[in-house]
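Undergrad: Working from the sequences, and respecting the hints, build out all of it.
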Amino acid sequence: MKKIEAIIKPFKINEVKAALDEIGVCGITISDVKGCGRQKGITEVYRGAEYHIPFINKIKLEIVVLDEMLEKAISAIQQSAQTENIGDGKIFVLNVEEVVRIRTGERGPDAV
Amino acid sequence: MKKIEAIIKPFKINEVKAALDEIGVCGITISDVKGCGRQKGITEVYRGAEYHIPFINKIKLEIVVLDEMLEKAISAIQQSAQTENIGDGKIFVLNVEEVVRIRTGERGPDAV
Amino acid sequence: MKKIEAIIKPFKINEVKAALDEIGVCGITISDVKGCGRQKGITEVYRGAEYHIPFINKIKLEIVVLDEMLEKAISAIQQSAQTENIGDGKIFVLNVEEVVRIRTGERGPDAV
Amino acid sequence: MRNFNNEKRYGFKDKILKSSTLSLLAMFIMNAGAFAQEAEAAVSQIDKGDTAWILISTALVMLMTPGLALFYGGMVRSKNILGTVMQSFVALAVVTIVWVLWGYSLSFGTDINFLIGGFDYIGLRNVGMESGPYGTTIPHYLFMAFQLMFAIITPALITGAFAERFKFSSYLVFLVIWITIVYCPLAHWVWGGGWIGAKLKALDFAGGLVVHISSGAAALAAALIVGKRKGYGQVAMPPHNLVLTLLGAALLWFGWFGFNAGSALASNGSAANAFVVTHIASAAAILGWLAVEWIHKSKPTALGAASGAVAGLVAITPAAGFVGPLSSIAIGAIAGILCYFAVNLKSLLSYDDSLDVVGVHGVGGTWGAIATGLFASASVGGVSGLFFGNPQALTAQIISVIAAWLFAFTVTAIILKVLDMTMGLRVTEEGETLGLDLSEHGERGYS
Amino acid sequence: MRNFNNEKRYGFKDKILKSSTLSLLAMFIMNAGAFAQEAEAAVSQIDKGDTAWILISTALVMLMTPGLALFYGGMVRSKNILGTVMQSFVALAVVTIVWVLWGYSLSFGTDINFLIGGFDYIGLRNVGMESGPYGTTIPHYLFMAFQLMFAIITPALITGAFAERFKFSSYLVFLVIWITIVYCPLAHWVWGGGWIGAKLKALDFAGGLVVHISSGAAALAAALIVGKRKGYGQVAMPPHNLVLTLLGAALLWFGWFGFNAGSALASNGSAANAFVVTHIASAAAILGWLAVEWIHKSKPTALGAASGAVAGLVAITPAAGFVGPLSSIAIGAIAGILCYFAVNLKSLLSYDDSLDVVGVHGVGGTWGAIATGLFASASVGGVSGLFFGNPQALTAQIISVIAAWLFAFTVTAIILKVLDMTMGLRVTEEGETLGLDLSEHGERGYS
Amino acid sequence: MRNFNNEKRYGFKDKILKSSTLSLLAMFIMNAGAFAQEAEAAVSQIDKGDTAWILISTALVMLMTPGLALFYGGMVRSKNILGTVMQSFVALAVVTIVWVLWGYSLSFGTDINFLIGGFDYIGLRNVGMESGPYGTTIPHYLFMAFQLMFAIITPALITGAFAERFKFSSYLVFLVIWITIVYCPLAHWVWGGGWIGAKLKALDFAGGLVVHISSGAAALAAALIVGKRKGYGQVAMPPHNLVLTLLGAALLWFGWFGFNAGSALASNGSAANAFVVTHIASAAAILGWLAVEWIHKSKPTALGAASGAVAGLVAITPAAGFVGPLSSIAIGAIAGILCYFAVNLKSLLSYDDSLDVVGVHGVGGTWGAIATGLFASASVGGVSGLFFGNPQALTAQIISVIAAWLFAFTVTAIILKVLDMTMGLRVTEEGETLGLDLSEHGERGYS
Ligand SMILES: Nc1ncnc2c1ncn2[C@@H]1O[C@H](COP(=O)(O)OP(=O)(O)O)[C@@H](O)[C@H]1O
Ligand SMILES: Nc1ncnc2c1ncn2[C@@H]1O[C@H](COP(=O)(O)OP(=O)(O)O)[C@@H](O)[C@H]1O
Ligand SMILES: Nc1ncnc2c1ncn2[C@@H]1O[C@H](COP(=O)(O)OP(=O)(O)O)[C@@H](O)[C@H]1O
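Residue numbers (the numbering used here), protein chains in the order written: chain H, 6 to 117; chain Z, 6 to 117; chain A, 6 to 117; chain P, 222 to 668; chain W, 222 to 668; chain V, 222 to 668.
Among the hints, erroneous ones may be present.
Unchecked claim - Taking lysine to any residue and the SDA-like style, the derived pairs with C-alpha atoms no more than 25 Å apart in a straight line are:
{"hint": "1", "chain 1": "P", "residue 1": "K567", "chain 2": "P", "residue 2": "A634"}
{"hint": "2", "chain 1": "W", "residue 1": "K451", "chain 2": "H", "residue 2": "A24"}
{"hint": "3", "chain 1": "A", "residue 1": "K8", "chain 2": "H", "residue 2": "E55"}
{"hint": "4", "chain 1": "Z", "residue 1": "K8", "chain 2": "A", "residue 2": "T48"}
{"hint": "5", "chain 1": "P", "residue 1": "K449", "chain 2": "P", "residue 2": "M644"}
Claimed, not checked - Part of the chain H face toward chain Z, derived, beta carbon under 7 Å:
{"hint": "6", "residue": "I35"}
{"hint": "7", "residue": "S36"}
{"hint": "8", "residue": "A81"}
{"hint": "9", "residue": "V104"}
{"hint": "10", "residue": "R108"}
Derived from the structure by calculation, the hints contain no laboratory data. The C-beta atom is built at its ideal place from N, Cα and C for all residues, glycine as well.
TA: Next up, the structure:
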C-alpha cells in the first residue's frame with residue numbers, strides 16, 4: 006500500500022476530488038497547509054509597511070491506496086490539479102506498512 | 006521506528022490521549038484535517054440553497070514510536086477511538102528512518 | 006529522496022526558513038499542529054474553573070529533499086529551531102518513493 | 222420611573238411645566254383634525270425630550286439581546302455558536318408577537334386582584350400614540366415597546382443554563398409558555414399594579430426581580446432538569462471566542478444605560494442618577510471580580526472582567542433610581558466578589574449551569590434587590606433603606622426576593638417537566654456531539 | 222415625517238406649542254448677537270426633543286452601513302471579507318462628499334418641474350444650523366445629515382449583488398454616478414417635492430421606493446450585467462462566518478429604529494408608532510421565514526432568521542408611519558415568506574445575485590410599498606389604504622413601484638454597460654481566484 | 222459647549238426660552254417636596270431635550286472604549302488579543318473609580334490659580350441631579366459622566382503604543398497615576414477654568430488637546446521608554462483580524478457623534494453642526510488616506526480606510542463647534558494624507574509605536590488644533606480663525622499645542638521611568654513570546 010501526499014492549489018480541490026471519485030478512490034484526508042517553492046509568496050501592506058509573506062495557502066491531500074491504484078491516482082491528481090502556472094504543487098509517494106480500520110479492526114489491504 | 010498516522014473523530018481525542026498515556030506513549034502531534042470515505046459528508050442549507058460538504062472534520066494523530074511499542078499503540082488507538090459507526094477512521098503505519106531531538110541533537114531511538 | 010518532518014516552536018519559523026534558504030532548500034510545506042511530549046501543556050482558567058490543555062501549538066514542516074541534501078537540511082533545522090528549552094520538537098525522516106511535479110508532470114529527483 | 226412615588230413627583234412637575242399654560246393655549250388654537258378630543262388632550266402631554274430618551278432607550282435595550290447572544294456565543298464551543306445565538310435571536314421574534322397579542326395586557330392591563338393584568342390591552346387595543354397610564358409623558362406605544370424589550374431579554378438570559386444541548390422546537394414552546402405564565406405575572410406584580418409593587422411596595426427600579434431573579438431562578442430549575450452536557454467535568458469546554466464575549470459584554474453595558482436610565486421613563490435627573498450609578502457599579506464590579514480572581518487563581522482574566530461587568534450591572538438594576546454614586550461603588554464591588562464565588566460554587570454543587578446564569582443573574586439580582594433595601598436614600602429616589610434608617614424597606618425587599626425565587630423556580634420547573642415528558646428537552650446524543658449548529662440548524666458558524 | 226399631511230399636522234401643533242408665546246417673548250428679550258434677524262426666528266423654532274431624537278437617529282442610520290458590511294461580509298468567502306466590507310465602508314466616504322457638494326441639492330433643492338432639485342444647496346449653501354423647509358423643528362444641517370445616511374446605505378446595499386468579483390476602482394466611479402443620476406432624482410421625486418410624493422401622492426415613509434426598490438432594481442441589473450462568480454453553481458460557496466452576519470443583522474435592526482422612527486422627523490407619537498411597527502414586522506418576518514424554511518428544508522436556520530429580520534424591516538419601511546401594529550404583523554410575516562421564495566427563485570432564473578439583494582430588498586421593498594396601499598389607516602398616518610376603503614392609495618403605490626423599478630433598473634444598466642466598456646467591471650480571473658482582499662487591497666482579513 | 226463664548230450665547234437663549242415665564246410659574250405652583258429650595262430652582266432649568274441628547278451621547282462615548290479595544294485588538298497578533306482588549310476594558314473600570322473619587326474634582330472643581338480644580342467635588346460631593354456650573358441645562362451628574370467617558374478613552378488610546386508587551390499590573394498603576402497627574406490637570410486647563418481655556422482662550426471643542434495630543438504625546442514617551450517588541454523589524458507582525466479593526470472603527474465613528482456633537486452640551490444647532498462636520502471630516506480623511514496610499518503603495522487598503530476614518534475624526538475633534546462643512550472637507554482630507562505619512566515616518570525614526578498612536582492621534586490632534594485656528598468661523602462658533610481674519614486665534618492654538626505636548630510627554634516619561642525602576646514595564650521575554658493572553662491572563666482568545 007502506498008500513501009500519496011499531494012500539495013495543490015486550494016481552488017482546485019473540487020476538481021481533484023471529482024477526478025478521484027471517477028477512478029473510485031474515495032478515502033481522502035485533506036488539510037490546510039502553507040507552502041513555498043518556486044512561487045515566491047506575496048507582499049501585503051499594512052499602513053504603508055510591507056510584509057513579505059513567504060508562505061502561500063495550499064491544500065494537502067493524503068490518500069492511501071493499494072499498489073495497483075497508485076499510478077491511476079497519481080495521474081488523476083496530476084491532471085486535475087494542473088493549471089500550468091507556477092505553484093501547482095507536488096505529489097509525493099511513500100510506502101505504507103500497515104493499515105487498520107478503526108471501526109472494525111480490519112487490517113491490511115481490506116482496510117484501505 | 007515507526008510512524009503511526011491515525012485519523013479519528015474529533016470528539017474522541019480525549020479518550021485516545023488517555024489510552025496512549027496509559028501505555029506510556031507521550032509524544033503526540035495532532036492536527037485538524039477533513040476527510041471523506043464511506044461516511045459521505047453533510048448537507049448544509051443556506052437560504053434554501055443546499056450545499057453538499059463532502060469533507061467531515063477529523064483529527065489526525067501522528068505518533069512516532071519504537072518498533073516494540075507499535076502494536077500496543079495501534080490497539081490502544083483502535084480501541085479508544087472506536088464508536089462502531091461509520092467514519093471512525095484509519096490507522097496507517099509508515100517506516101521512519103531517523104529521528105532527531107531538536108533540543109539536544111540526539112538521534113535515533115533515544116530521540117523518540 | 007527523503008521526507009523530513011520537523012515539529013518546531015511556532016515563533017522559530019522565520020529563523021528556520023532563513024536557515025533553509027541559506028542552504029538552498031526552497032520547497033517547504035508548513036502547517037499548524039499541536040503537540041505534547043515532555044512539555045506538559047498549559048492550564049487555563051475560565052471563571053475560576055481550571056482547564057488543562059495538554060496540547061501546545063507547534064508548526065510542522067514537511068520538506069522533501071534529495072538524499073544528498075538530507076544531512077545538511079537536518080542540521081540547518083536542528084540548529085535554527087533550537088532554544089535548548091523543553092518542547093523544541095523533533096525531526097523525523099521518512100523515505101519517499103516517488104515525486105511528481107504537478108505543473109509539468111516531471112518525476113523523480115528533477116521534480117523535487 | 223418604576224416607582225409610584227417618583228412617578229408622581231417628577232411626572233407632576235413635568236406636566237405642569239409643559240402643559241399648564243401651553244396646553245390650554247394649544248387647545249384653543251389647534252383644530253382638532255383627525256384626532257378625537259380625548260386623544261388631543263393626551264397628545265398634548267407628551268414631552269418630546271422624554272420621548273426622545275425613551276425611544277433611544279428602547280432601541281438600546283433591544284440591542285442587549287443580540288449583545289447577550291454574542292456574550293453567550295463566545296463562551297460555547299464553536300460547534301454550538303449558531304444554536305446559542307439563535308436562542309437569543311428567536312426570542313426577539315417570539316416574545317414580540319406574544320407581547321403584542323396578550324403579554325402586554327397580562328402584565329400592564331387593568332389590575333385584577335393585584336395578581337394579573339386584565340384583557341384591556343389584548344392585541345394592543347387601547348394602546349396608541351397618546352400617552353397611557355404608565356410613563357405619562359411618552360406615547361403609550363413607546364412604554365409598551367420599552368417593556369417588550371425587557372420581556373425579550375429575560376428568557377434569553379435563561380438559555381445560558383442549558384446551552385449546547387436544548388432542542389430548538391421545545392425552546393420555542395418554552396418561550397411562549399414561560400413569558401405567559403412566569404414573566405407576565407411577575408412583571409404585573411412588580412410594575413403593573415400587582416401586590417409586590419403596589420401593596421408590599423418593594424422597590425425594583427429596572428428589573429432586579431422581574432428580569433434577573435426570575436431568569437436566575439428559572440436557570441436553576443433548567444440546569445437541574447435538563448441535566449449536564451455530555452462530557453461535562455471530563456472534557457475541557459473552554460470558550461471558543463472570548464472576543465465575542467467581550468464585544469457582547471460591551472453591547473450589554475451600552476444597552477444597560479437604556480435599561481436602567483430609561484426606566485426613569487423621563488429625561489431628567491433621575492435618569493442621570495440611574496445612568497451614573499449603573500456605570501459606576503459595573504466598573505466597581507470589574508475591579509471586585511478581578512481582585513478576588515487574581516488572589517484566588519493568580520491571574521486576572523478577560524472573561525472575569527466581562528463577567529464582573531455584567532454582575533455589577535445586574536446588581537445595580539433594582540437600585541439604580543434609589544441609590545447614589547458612592548453606594549453604587551459598594552454595591553458593584555460586592556457584586557463582583559459575590560458572583561465570582563457563586564459561579565465557583567457550581568462545581569461543588571453538581572449541576573451544569575453552563576454559562577452561569579444562576580451565579581451571575583440569580584445571585585447578582587438577589588444581592589441587588591437586598592442592597593436596594595440597604596442603600597436606598599430618600600434624597601435620590603424618595604425612599605430610604607436600612608442604612609438610612611428605614612428597616613422596613615429591607616423587609617419588603619427580602620419578601621419580594623423570596624417570592625420571585627419561589628414563583629419563578631417552581632413554575633419553570635413545572636413547565637420544563639411537562640415539556641420533557643411531551644416534546645423532550647434535549648437534542649439527541651448524536652446531535653449534541655455534532656453540535657447544535659449542524660444538528661438543529663443545518664449550518665456551520667465558520668466555514 | 223415623510224408625508225405632507227403628517228408634516229402639517231404634527232409640525233403645526235408642535236410649532237404652536239413651542240413657539241407661540243415663547244418665541245414672541247424671546248424675540249423681545251434676546252439681543253440678536255451674531256445672528257441675522259431671520260436666522261433667529263428660525264432657530265427659535267427648533268425643538269430640542271425633536272433634535273435630540275434626530276441626532277441620534279442619524280447616528281443610528283450611519284451605523285447601519287457598517288452593520289451591512291458585516292451582514293454581507295459574513296456571507297462571502299473569507300478571501301473576500303475585506304473587499305466586501307470595503308465596498309460599504311468606502312460608500313460612507315464617497316457618498317458623503319458627493320452629497321455635500323451636489324447630491325443634497327439635487328435631491329432636496331427647490332423643485333424644478335417635479336423632476337429634480339435646484340442648485341440652491343450646492344456645497345450646502347443656504348443650509349445651516351437653523352431649521353429649513355424639511356423637518357421644521359430641527360436644524361437644516363441635521364435633516365441634510367439624516368438624509369445623507371440614507372444615500373450612503375442605498376448603493377452599499379447593491380454591492381451584495383456583485384459581491385466577490387467587482388473591481389474596486391470601477392466601484393468608486395459607479396458610486397459617484399449612481400448616487401447622482403439614480404438616487405438623487407428618485408429621492409427628489411418621493412421626498413423632495415417631485416412628482417411621486419407631491420403629485421401622485423404615493424406614500425413612502427422611510428424609503429421603500431428610494432432605498433429598497435432602487436437598490437433591488439439596481440442589483441438585478443448588476444447581477445445580469447456583471448455575470449456570475451467563477452465556479453458559481455459548481456462549487457459550494459458557503460458563508461464564511463455567520464456570526465458576523467448575525468451581528469450585522471442586529472446592528473441593522475438597531476439602526477433601523479433610527480431609519481424608520483427617525484423618519485417621523487420628530488420625537489412624537491408618529492415616531493413611536495413607526496418604532497413599534499418596525500420592531501413587530503421584523504419579529505413576524507423572522508417567524509415567517511423560519512416557518513416556511515422549516516417546512517421546505519426541514520431545518521430553521523440562523524441565516525434564515527437574520528434574512529427574515531431584514532426582510533421584515535425592508536417591508537415595513539414604506540409603511541412605518543401609516544399602519545398600526547396588527548397590520549405590521551401581517552406585513553412582516555408575509556415579507557418573511559415571500560422573500561424566502563424570492564431568494565430561492567434565483568437558482569431557477571439563472572443569475573448570480575450573490576447575497577440576494579433582489580430577493581430581499583427588491584421583493585421586500587415592493588411588497589412593503591404595496592402593503593402600504595393596503596394597510597394604511599387614517600388613524601395612524603392620516604391616509605387610508607385599500608383595506609380601509611381607499612383603493613386609490615393602492616393605485617398610487619403601484620404606479621410608484623413600477624416607476625421606481627423601471628427607472629432604477631434602466632439607468633443602472635446603462636451606467637454599468639458604459640463602465641464595462643470603459644474601465645471594466647470585474648477583477649481578473651486570477652484576482653477572483655485569489656480573492657479581493659489580496660488582489661484589490663493587498664491584505665488578508667485574518668492572519 | 223466647550224467654549225465660553227458659545228456657552229453663553231446658546232445657553233442664554235435656551236435658558237430664556239425655557240425658563241422665563243415657565244420657571245416663574247412653576248415656582249409658584251409646585252410644592253417643594255423632597256428637594257431643597259435651591260435644588261428646585263436648578264432642576265427647573267434642566268432641559269429634557271438637552272438631557273436626552275447628552276444621556277445618549279454619554280452612552281455613545283462609553284461605547285468608544287470597547288470600539289477602540291476591537292480596533293486595536295484586530296491589529297495585534299492573535300496571541301495578544303485578550304491582553305489588548307483588556308487594556309481598554311479595564312480602563313473603563315479603573316478610571317471610573319478614580320474619576321468619582323477625585324478625578325472629576327481635580328478637573329472641574331473650583332479653579333485654583335488657573336492650574337487645577339479644588340476639592341469641592343471629591344467623591345462627587347456637591348454633584349447631583351440638578352444642573353451644575355457646566356452644561357447648565359443638564360443634570361450635573363450627567364456632565365460629570367459625559368466627561369468621565371473622555372477620561373476613560375484617553376489612556377486607552379495610549380495602549381496602542383506599547384501593545385503586545387506591557388505588564389498588566391504596571392498598567393493598572395500607570396492608569397491611576399496618569400489620569401491623576403496628566404489628564405486631570407490638562408482637562409482643567411482647557412475646560413475646567415484653567416489657563417488654556419480661560420486665559421489663553423485657545424479653542425478645543427471636544428478634546429484635540431485633552432484627548433488626542435495628550436494621548437499622542439504620552440504614546441511617544443511610552444514607545445521610546447518601553448522599547449520595541451521582540452522581533453520588531455525582523456518578523457512580520459500583520460494584524461490578525463482586520464474585521465475586528467473595521468468593526469472597531471465603525472463603533473468609534475458611531476460613538477464620535479456623541480463625543481463631538483455631545484460636546485455642544487445641548488441638543489441644538491451647534492450640536493448639528495458638530496455632527497455634520499465630524500461625519501464629513503471622517504469621510505474626507507478616508508479618501509485622503511486611500512488616495513495617497515493608492516499612489517504610494519499601489520493599493521488602497523481596508524486598514525487604510527479604517528485608519529483614515531479615525532484620523533479624520535481626531536482632526537475634527539477640536540474644531541467641530543467652530544468650523545463649517547466645507548472647511549471640514551479640507552481638514553479631513555489633509556488629516557488623512559498627513560497621518561498616512563506620519564505613520565510611515567515611524568520606520569525611519571526607530572521606535573515601535575505599535576499601533577500608531579503618535580502618527581494618528583498625536584499628529585492628527587495637532588493638525589486639528591491648528592486647523593481650528595485656521596478655519597474657525599465666527600458664524601459657526603462665534604470665533605474666527607486666521608482664514609477669517611483673526612491671526613491671534615492661530616497663535617493661541619499653537620501655544621496650547623506646544624504646552625499640551627510638552628506637559629503630557631514629560632510627565633508621562635517621568636511616570637514610566639519611575640514605574641520601570643520599581644515594578645517594571647514589560648512582561649518577561651517568555652511571556653512576550655507566549656503572548657499576553659496566556660502569560661498575563663491565563664486564557665486564549667480563540668479555542
Ligand atoms: N521539496 C518540497 N518539499 C515539500 N513541499 C514542497 C516541496 N516543493 C514544493 N512543495 C510544495 O509545493 C508547493 C508548490 O511548489 P512550487 O515550487 O511553488 O511550484 P511548482 O511545483 O509548480 O514549481 C509549495 O508551495 C510547497 O507547499
Ligand atoms: N484511503 C484513505 N486514505 C486517506 N484517508 C482515508 C482513507 N480512508 C479513510 N480515510 C480517512 O478516514 C476517515 C474515515 O473513513 P470512512 O471510510 O468514512 O470510515 P470507516 O473507516 O469507518 O469506514 C475519512 O474521513 C478519511 O479522513
Ligand atoms: N514520538 C513523537 N511522535 C510525534 N510527535 C512527537 C513525538 N515526540 C515529540 N513530538 C512532538 O514534538 C513536540 C516537542 O516534544 P517534547 O517532548 O515536548 O520536547 P523535547 O523534544 O524538547 O523533549 C511535541 O509537542 C510533539 O508535537
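Undergrad: All hints are to be evaluated individually against the structure, with a verdict given for each.
TA: Quick rundown of the hints versus the structure:
no., hint, verdict
1, P:K567 <-> P:A634, "19 Å, holds"
2, W:K451 <-> H:A24, "19 Å, holds"
3, A:K8 <-> H:E55, "33 Å, violated"
4, Z:K8 <-> A:T48, "29 Å, violated"
5, P:K449 <-> P:M644, "19 Å, holds"
6, I35, "5 Å, holds"
7, S36, "4 Å, holds"
8, A81, "15 Å, violated"
9, V104, "6 Å, holds"
10, R108, "4 Å, holds"
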